[in-house]
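Novice: Each chain, letter by letter, is given below.
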Amino acid sequence: MASELTKFLMERELSYRRLEDLIARAETKGLKGFHREELRELGHLYRLASSDLARARYVLRSPMLTEYLNELVGRAHHLIHRRRQPVYYGIVKFMARDFPVTVRREYRMILLSVALILGAGIVGGIAYSIDNEWGQLVMAQPSLRQYERELTEGPSQLATAIPEDAMLVMSTFIIFNNIRACIVAIAGGFFYGIGTLFALIFNGFLLGVIGNMFITRDINYDLYWWSGILPHGVLEIPAICIAGAGGFLIARGLLVPGKYSRGDALRIEGRTAMILLGGVMVLLLFAGIIEGFITPFKPNIPIVLLQWIKILFAAILFSGFIYYLLNAGTAYQDEDRNELRTTTHLRLD
Amino acid sequence: MTASDRIAVLTSENVRLSYTLAGLGSRMTAFIIDSILITLGIFGISIIFYLGGSIRFSDFEDISKGMSVALAIYIAVTTFLIWGYYFFFEWINWGQTPGKQIMGLRVAMADGAPADIGACAVRNVIRIVDNALAAVGITIFIMIFTPRYQRLGDIAAGTVVVRRRRLTIDEVISASRAADKKISSQLESDKTARSLSKIKITEAEINLIVRFLTRRDSLPGHLRSKFAKDSADRLRSRITDEEIKSLDDEDLLQKISNINPQEPGQ
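Sequence lines, in order, name chains A and B. Mapping of the first sequence onto my numbering: residues 1 to 349, in sequence order. Mapping of the second sequence onto my numbering: residues 1001 to 1266, in sequence order.
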């Protein structure tokens, strides 16, 4: 003897199974591979399940069926009114479009970070000129021991600081350490930007003090310093600035939400900050590879020539990077608009 | 479950979807499970690499190529476990880390949609802040006093953690069938009981049946079946219902003693 509910379920079982299959397929591969008929079927089954949900809740009064359909309709609903990007949203597409576009839009915050790092760097340089004690203090940082040895042992030893076999591990370590530092800098924005401010000023100050130490030491160190820091620094320092901008965005959401509520502003700015963080990670990946493999690279040619080559490399890389930030993604904007149109006009009937 | 533990969303088709917010206890448990998994992961990989001999070196000077590769992998994996575990699983696995999956939780947007990559990133970057505050016991108060049990990362990302019970259609059908079966067997036994209770039976007979039923296992086989048959036949002559008449001898005696319970020896 079957109840009304069981009879109803028998009638609907196949439809629900089909809907489950379609949803599962769309969740992993996206709606793009669907035929016209399949889309139509999805829409039909979705509406069937939607009305059944109301029926399960108020007519059949079955908590289990309600729960089941709630989940099913929920999944289908979020699929159709898609806000989630497919899992395989390409990193290339991200770097070619989203990241540079966001950087250009938030240029004010990035300029603020740049100004802070530069300012702190100049203050650090001046501080070292006034009182050499600052050098000692800064060198107490464990990560800077290497520089100390280089300073005491002289420039002839310099390029051997990283043995060839250790390059890979150094590179990996540098990449992850920098990424960690940038994540912390962005999270620091949550304390009304004070954490971010501190991270930027601290890094800028360190760079200023050490830079001044090398430059004023001896004429040989001058070139050494620039060739040692610029090849990766032209990516790494902008990356820190962009991460700092991410932190300041979060702080802006908290402090001056403008026309939004504080919570909404925080959410919007937080998402933008994450786009910046994503790009920063890729930049740091490249910077780390350069720092681990190219900066310590020492073929058998005169050292001054090598240093100039490295500086030239850095100059080309930097110009390319700036060109990328200013121009990438503009070509995609039309395509973007088209995509938007097709998704909003996707009719399921 | 109070009303405030549920969030409801009205879809554009005017259907109400509702989700149950996860409680602090299950979230804490999920967090502990995840922490244990991360710790075990780091511990395990450290032991493997230690036994493999690649994390024993004093200086970069005496590092071999193989060691360098191994160490790079070690750094990458451990850093991923510490910094990327939550983000990766919540993004890839529809809002569920292994711990959340075990506890039946998932991260959702405020409208119940699966958390997208941006939200996953925000809530797990701000996790640093939450963990720092948790060390001094503030996070738990934040979670208690926000209406939807959100920690700071959730607030910044606009996410909530909801309970998820993904039923299959088979479970729903079998539950419905089981309910049907239970109801029909209930009806059936009610009917049987009604007709059994109409049988005229003396107290002495009942006592005899009960005594037989309690001792039947110790009786020799032929005696047992003979007694059962005799007494059941006596009763059958007073029964009109064909269905009950056709019951097995001992079954019939059992059913009769069930509706006329008597203590043996009375």
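Honestly, I wouldn't trust all of these hints.
Claimed, not checked - Straight-line Cα separation of at most 25 Å, BS3-like style, residue types lysine-lysine; simulated pairs:
(1) A/Lys-7 <-> B/Lys-1065
(2) A/Lys-7 <-> B/Lys-1182
(3) A/Lys-298 <-> B/Lys-1065
(4) A/Lys-29 <-> A/Lys-93
Unchecked claim - Computed far set for chain B versus chain A, every beta-carbon distance over 10 Å:
(5) Ser-1012
(6) Trp-1083
(7) Asp-1180
(8) Leu-1208
Said to hold, decoys possible - Going by beta-carbon spacing under 10 Å, a handful of chain A positions derived as facing chain B:
(9) Glu-13
(10) Gly-30
(11) Gly-263
Derived by calculation from the structure, the hints in this document are not laboratory data. Remember, predicted model here, so these are calculated numbers, not experimental data. Backbone N, C-alpha and C define an ideal beta-carbon position, used for all residues, glycine too.
Novice: If a hint holds in the structure, say so; if it doesn't, say that too.
Specialist: Here is what the structure says about each hint:
no. : hint                     : in the structure
1   : A/Lys-7 <-> B/Lys-1065   : violated, 69 Å
2   : A/Lys-7 <-> B/Lys-1182   : holds, 16 Å
3   : A/Lys-298 <-> B/Lys-1065 : holds, 18 Å
4   : A/Lys-29 <-> A/Lys-93    : holds, 17 Å
5   : Ser-1012                 : violated, 7 Å
6   : Trp-1083                 : violated, 6 Å
7   : Asp-1180                 : violated, 5 Å
8   : Leu-1208                 : holds, 37 Å
9   : Glu-13                   : holds, 6 Å
10  : Gly-30                   : violated, 14 Å
11  : Gly-263                  : holds, 6 Å
In summary, the structure is inconsistent with hints 1, 5, 6, 7 and 10 from the numbered list given earlier, while agreeing with the others.
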